[in-house]
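**Student:** Residues per chain are reported as follows:
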Amino acid sequence: MDRATVDQLLTTTRTVRKRLDLRRPVEPALIQECLELAIQAPNGGNQNRYHFVVVTDPVKRAAIGAIYKKVFYQEHAPLSGAGNPGLPMYQQRSATQQNSASYLADHLGEVPVHIIPCVESRFETAGTFRQATRYGSILPAAWSLMLALRSRGLGTAWTTLHLYHEKEVAALLGIPDDVTQVVHLGVAYYTGTDFKPGPRIPARARTYWDGWGQRR
Amino acid sequence: MDLATVDRLLTTTRSVRARLDLTRPVPPELIEECLEIAVQAPQGSGNCRYQFIVVTDATKRRALGDLYRRAFVQFYPPEAIAEGMQTQPRDTASWIALRDHFEDAPALIIACTEGRPENRSPERLAGLYGNILPIAWSLMLALRARGVGAAWTTIVFTYEKEVAGILQLPENLTTSVCLPVAYFTGDDFKPAKRVPARERTHWNTWGARR
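The listed protein sequences correspond, in order, to chains A and B. If you count the first sequence from 1, position 8 lands on 174 in our numbering, and the numbers rise without skipping. If you count the second sequence from 1, position 206 lands on 327 in our numbering, and the numbers rise without skipping.
Everything labelled a hint here was simulated from the structure, so no lab data went into it. Among the hints, a few may not be true.
Stated by the list, open to error - If you want a taste of the chain A side facing chain B, the calculated C-beta under 10 Å gives, among others: (1) Leu-188; (2) Val-192; (3) Leu-201; (4) Leu-203; (5) Asn-209; (6) Asn-212; (7) Tyr-239; (8) Pro-306; (9) Ala-308; (10) Trp-309; (11) Met-312; (12) Arg-318; (13) Glu-332; (14) Gly-379.
Note that CB positions come from ideal geometry on N, CA and C, so glycine has one too.
From just these sequences and the hints, can you work out the full model?
**Tutor:** This is the structure we're talking about:
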């Protein structure tokens, strides 16, 4: 397997917001092709509980966009980098990131394809084993979908804010009560040709060997 | 980007159980290299809440293997195994192989995220798991490209507290997946049997086909 291709794919598939081409249509067949690739990701017990709601209807996209905008500007209290306060790289990029995030909030309804990956059953009050198993039966497929789309020139914005109003979105799309939405993917062709890896805390600073706090 | 490579990577990276080479060591540097690649997966607000425990110590691997078997028998009691050997013999045999050799994998990698799931709204809960599970899947993809297989497992977390005790994990951490990793034997994998995505794709309204 060509390792350079794999590493480029895995390190430069980013959430795309300002580089989404909102005017260029996306062929439904291409979406379906990528979904067939995506479901090859592992899922718990091969129970195949995945579902994907693809929204191309402009009225429904606008409705989701309005919900997202309301959450983004009025309801969401961001953690403001609470995981890692004081890290220079976050302070430096916060303005750019905020700009990119608000751009998405202002334009989500115009993104040509919305995809909401879902998993059968509800488990918000279940223990961590069941939660990890259920999310683990859909989120790898969602990430594979984003990787497959990227390889075909399509960018994706990975967001969860619409889940503040999961029921409202479920009603809009007819999603049954016993199905859990896990993420919202806004999909469009991207402009430009390449992406760089994102700033991250190196994994080695977060890797422990044989027990918490132990370095190799 | 070479689509043939991408498609092969995404469709033939499988949970490997019976084809793990338990006799061949996996260099720690290779695991570290793959972890650096994996953390490039997207995460909410770039918060970098990932934490990884790599278990190579034989005693701790054995302790985790014992927990895995305790959990396994609850999910796959003997009668379920007997039935599975009739209805899906290959899968069942591979589950048994992992049950019997969980701790023999040269490394167990446990992907964790900072934060706890209790009392979270759906948005925060999806954020918690969404910050770590794409990374874990990227890790499996990166390992696979280097000849190393992994099995995606969660049942050991029915004994989450015991796992945390063995690894001295802090209380504010959530364990999300445990990957036994080893070089795989043979040189290729086939796509899995799945319900086709087109049967589970709803266009604009639940149940509507294109």
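**Student:** Look at each hint and say if it fits the structure.
**Tutor:** Hint check:
1. Leu-188: violated, 19 Å
2. Val-192: violated, 13 Å
3. Leu-201: Hint holds; Leu-201 of chain A Cβ to chain B Cβ min 4 Å, cut 10 Å.
4. Leu-203: holds, 5 Å
5. Asn-209: For Asn-209 of chain A, the interface hint holds, since the closest Cβ of chain B sits about 8 Å away, which is under 10 Å.
6. Asn-212: holds, 7 Å
7. Tyr-239: Violated - the Cβ of Tyr-239 of chain A stays beyond 10 Å from chain B, reaching only about 15 Å at its closest.
8. Pro-306: holds, 4 Å
9. Ala-308: holds, 7 Å
10. Trp-309: holds, 4 Å
11. Met-312: holds, 8 Å
12. Arg-318: holds, 7 Å
13. Glu-332: holds, 5 Å
14. Gly-379: holds, 7 Å
Of the numbered hints given earlier, the model fails hints 1, 2, 7; all others are met.
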